[in-house]
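Number of protein chains: 2
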Amino acid sequence: MSPAIHTYSYDKLGLNAVYAPFDVGLDQLESIVEGFKHWGVVGYNVGIPNKFEVAQYLDELSPVAELSGAVNCVKVENGRSVGYNTDGPGFVSNLKRLGFDPSRKRVTLLGFDEMGLAVTMALALESVESLDVFVRNAFIEESAVDCIQRLRLQEGICINLHDFADYEELCDCIASSDLLVNSLRPGSSVLDELIADAPAIFSDGLMVADAVHTREISELVEQAKQMGLKTASGIESLIAQAALCEKIWFGVEMPIDSVLNRFGGVLGSNK
Amino acid sequence: MSPAIHTYSYDKLGLNAVYAPFDVGLDQLESIVEGFKHWGVVGYNVGIPNKFEVAQYLDELSPVAELSGAVNCVKVENGRSVGYNTDGPGFVSNLKRLGFDPSRKRVTLLGFDEMGLAVTMALALESVESLDVFVRNAFIEESAVDCIQRLRLQEGICINLHDFADYEELCDCIASSDLLVNSLRPGSSVLDELIADAPAIFSDGLMVADAVHTREISELVEQAKQMGLKTASGIESLIAQAALCEKIWFGVEMPIDSVLNRFGGVLGSNK
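Chains as they are written, first to last, in this note's numbering: chain A, 52 to 322; chain B, 52 to 322.
Here are the simulated lysine to aspartate or glutamate pairs, EDC-like style, with alpha carbons at most 20 angstroms apart: (1) A:K88 x B:D74; (2) A:K88 x B:E85; (3) A:K147 x A:D229; (4) A:K126 x A:E304; (5) B:K126 x A:D74; (6) B:K88 x A:D78; (7) B:K88 x A:E81; (8) A:K126 x B:D74; (9) B:K126 x B:E85; (10) B:K88 x A:D74; (11) B:K63 x A:D62; (12) A:K63 x B:D62; (13) A:K88 x B:D78; (14) B:K281 x B:D248; (15) B:K126 x B:E111; (16) A:K88 x B:E81; (17) B:K298 x B:D308.
Some chain A residues well away from chain B (every beta-carbon gap over 12 angstroms; in silico): (18) P100; (19) L109; (20) M278.
Just so you know, the hints here were simulated from the structure itself, not pulled from any lab data. Ideal placement from N, C-alpha and C gives every residue a C-beta, glycine not left out.
Extracted from the complex, chain A is given alone in its bound form:
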């Protein structure tokens, strides 16, 4: 959706710019990064799997990009490539727009893929009180463990890793949380269980947010909506990170309300 979002925004802003998709394989990544430094390109986004590999070809990294090793946004300046990560900051920016300030809040996170890690880092930098991360079979990549360790040391945040198998602990964590972040793809059995038990577990003040950038909202967030809780969708988070990219590339303020109005309409849960 990014080409549509940015093109619409550039049009609204009167910016003489286009955003176009290129299907770049890992074997061509180095040469396109080198080329983009010289061809008059202002900046670009990098998708999966290139976002995990592109850092080695860049000249400079933002602290968050450095910490996570994932770069989804690059700015070209004076023939140098500077890498950023706007996924986590976009997620947080959207929470704040919706009136939720993560500072000193308790957070439970479901899943710890690349987006889960990005959200964890962004929340840590916002000084949340605690982060309880649930993963399947306690499996987590070594690089992510390193990253969590550094966050613990640098930011002094209490980050705990748990296994989904410990369902009772999951329920306890959610019951005492201010924010539940869903970074799981649909079809996970633990989600079905949680949805059924939500009325018993979710407190009135809980906010439930999708981290994954899909147009559809998850059944978990839909359930929370139906219970009258505050929710955030993945598409809102995608739009918020797009706004951060436009700020980085052009120094402009994306007309977020207008873009949300055009593209932010969620499509119902992804059953």
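Got chain A sorted already, so can you dock chain B onto it with the hints?
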């Protein structure tokens, strides 16, 4: 102007496509040609000086591109790059739109840069009766001489090279021509002489056409306009070649009238 022309046309056609400029140095030409074969790019134009060098990196050339050695339009098909030259054919296509059929006509051409060569080839393929080409100091690149020689042999066209210094011969050629093509940049002293003498030399049936793709019309064409002769501008020729590119890339018919209406307005002579 090409990004503006194509973007306007794609919008009119409802094509989901963008046309964006990249500033590609000769040293990056090979890598971008290789990249464009894989990144989902439909096709692209190539400007000076890359248009003279790009052929060696392509997988196939159209006959005109092969003959001239200049490629201004590339189509990517199934991971292969096919080179075309639409400059000359666009010039001819515009003449035909204006009601001038070059077949069996006598043509005088001023200047023999890359555009002059492209126009010469396209006119030769339309079976003109004769082509009298005037150049400065009889200087002409060896590759162009080769090309003319091949045209003479293949198409049986009478192509003569002259020196601008032979002004009397220039006047004689123009007086007996159906078409005068100006491929000179402004500021040439021979143009000033010709403009002054135009009322005495230009016959009533003469058509005068700019070959160079500038937005401004030449003083020579402006003079011809004032004399009530048929004329063709460089911007019209640019738009006609853009239409050929869109046909090659997408198989669509550019809405030429609409594009001419938006961009074809000439800006007066480039004094």
